[in-house]
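Its first residue numbered 1, the sequence shown is counted upward by one per residue in our numbering.
By construction, these hints were calculated from the structure, which means they are not laboratory data. Beta carbons are placed, not taken as given, at the ideal position from N, Cα and C, and that holds for glycine. Hints are supplied without guarantee of correctness; some may be wrong.
[To be verified] Label pairs and their in silico Cβ distance ranges:
id, residue 1, residue 2, range
1, V262, E86, 46 to 56 Å
2, T77, S251, 50 to 60 Å
3, R73, A222, 47 to 57 Å
4, E258, L96, 29 to 39 Å
5, R73, L137, 41 to 51 Å
6, V262, D124, 18 to 28 Å
7, K250, E95, 15 to 25 Å
8, K250, E84, 48 to 58 Å
[Said to hold, decoys possible] Listed next, the in silico DSBU-like pairs over lysine-lysine satisfying Cα-Cα at most 35 Å (straight line):
id, residue 1, residue 2
9, K246, K210
10, K250, K210
11, K143, K87
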Amino acid sequence: MVKVVGRESVRMIGGGVLLFTLGGLLAALLMQSMGTGAQRLQLRAERAALLQERSELEAERAQTVSPFDQTQRELLTERAARLELEKILVNTQLELGRTQDQLAFFEDLLPSSPNGALDIRAVDIEQHPEGLQYRVLLMRSGKTTKHFVGTLQFVAMGHCRGDVDASEQMVVLQPVLAEPLSGGSEGFVAQSVHGKSHQAEPPRVNTQQKMRQQIEAQQTEAQRAALRLDFAQFQRGQGLLALPPKFAPKSVTVRVLEGDIVLASRVVAL
Numbered sequence: 001m002v003k004v005v006g007r008e009s010v011r012m013i014g015g016g017v018l019l020f021t022l023g024g025l026l027a028a029l030l031m032q033s034m035g036t037g038a039q040r041l042q043l044r045a046e047r048a049a050l051l052q053e054r055s056e057l058e059a060e061r062a063q064t065v066s067p068f069d070q071t072q073r074e075l076l077t078e079r080a081a082r083l084e085l086e087k088i089l090v091n092t093q094l095e096l097g098r099t100q101d102q103l104a105f106f107e108d109l110l111p112s113s114p115n116g117a118l119d120i121r122a123v124d125i126e127q128h129p130e131g132l133q134y135r136v137l138l139m140r141s142g143k144t145t146k147h148f149v150g151t152l153q154f155v156a157m158g159h160c161r162g163d164v165d166a167s168e169q170m171v172v173l174q175p176v177l178a179e180p181l182s183g184g185s186e187g188f189v190a191q192s193v194h195g196k197s198h199q200a201e202p203p204r205v206n207t208q209q210k211m212r213q214q215i216e217a218q219q220t221e222a223q224r225a226a227l228r229l230d231f232a233q234f235q236r237g238q239g240l241l242a243l244p245p246k247f248a249p250k251s252v253t254v255r256v257l258e259g260d261i262v263l264a265s266r267v268v269a270l
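Using the sequences and the hints given, assemble the complete structure.
Shown next, in the form of C-alpha cells:
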C-alpha cells in the first residue's frame with residue numbers, strides 16, 4: 001500500500017510540474033507574440049517616418065538642382081560667347097596688323113617730308129541737291145605727337161546762273177548749318193576776280209562791309225566746330241556745304257589754315 005501511494009504522489013507531482021512548465025511556456029509565447037506585434041508597429045512607424053523624410057529630401061534636392069542647372073547653362077552660354085569674342089578679337093588683331101603693314105609700305109613709297117608736315121591726302125567734292133558734299137582726309141608725316149589745331153576753308157570759284165556777262169566770283173562756303181541772309185546774293189561774300197572794272201561807289205562799299213559783318217555775326221559755334229581741325233596723325237572730315245542762290249561753282253579750293261596762314265591747299269574741279 002505504501003508503494004502504491006508513493007507512485008501516485010510522484011505522478012501527481014510530475015504532472016503539476018509539467019503543467020507549470022507548459023503554462024510558463026505558453027505565457028512566454030504569448031508575451032513574445034505581443035512584443036513582436038509592438039515591434040512591428042514601431043518598425044512600420046519608423047519606416048513611414050523615413051519615407052516622409054526621404055520625400056522631403058528629394059524635394060529639397062530638386063529645388064537645389066534646378067537653379068544649379070540653370071546657372072550651369074548660363075555659364076556654358078557665356079563661355080561660348082567669350083570664345084566667339086576671342087575669335088573676333090584675334091581676327092581683328094590680324095586685320096589691324098595687315099593694315100599697319102600696308103600703311104608702313106605706302107609711307108615708305110611717299111616722298112620724305114619734314115616731320116609733322118601737313119598734307120591734304122584725299123579730297124572728294126560732289127554736287128548735291130542742297131549744296132556740295134565733301135570728304136577730306138588730312139595726314140601729317142613723321143611720328144609727331146603734338147596736336148595740330150586749325151580750320152578747314154572751302155573757297156568756290158564760279159558765276160551766277162543766267163548772267164552771261166557776269167564776272168567770275170570767289171565765294172567762301174559755309175556748312176549747311178548756316179542760315180543764308182534773305183535777298184538773293186546777299187547770303188555770301190563775293191570778290192570780283194576778272195572782268196570789266198566798275199567805278200567804285202561809296203554806298204555799295206558800305207553795303208559790302210555791312211554784308212560781311214552780318215555774315216560773320218551769323219557764324220555760330222556749331223559752324224566753326226564743323227570746320228575745326230584737331231589731330232596728331234590724321235583726321236577725316238565730311239559734310240555738306242551751302243551754295244548761294246543761283247551760284248554755279250566751277251571749282252573748289254580746299255585750304256588748311258593755322259590762324260590766317262594757309263598750310264596746305266588742293267583745287268577740285270567740278
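These are the hints, each one checked on the structure:
1. V262 with E86: 46 to 56 Å: Holds - the Cβ-Cβ distance for V262 and E86, about 49 Å, lies within 46 to 56 Å.
2. T77 with S251: 50 to 60 Å: Between T77 and S251, where Cβ atoms are some 59 Å apart, the hint holds.
3. R73 with A222: 47 to 57 Å: holds, 51 Å
4. E258 with L96: 29 to 39 Å: Holds - the Cβ-Cβ distance for E258 and L96, about 32 Å, lies within 29 to 39 Å.
5. R73 with L137: 41 to 51 Å: With a Cβ separation near 49 Å, R73 and L137 satisfy 41 to 51 Å, so the hint holds.
6. V262 with D124: 18 to 28 Å: holds, 21 Å
7. K250 with E95: 15 to 25 Å: Violated, since K250 and E95 (Cβ atoms, about 41 Å apart) do not stay within the stated range.
8. K250 with E84: 48 to 58 Å: Holds: the Cβ-Cβ distance is about 53 Å, inside 48 to 58 Å.
9. K246 with K210: holds, 21 Å
10. K250 with K210: holds, 27 Å
11. K143 with K87: The given pair, whose Cα atoms are some 31 Å apart, holds under the 35 Å limit.
Hint compliance for this structure: hint 7 alone is broken.
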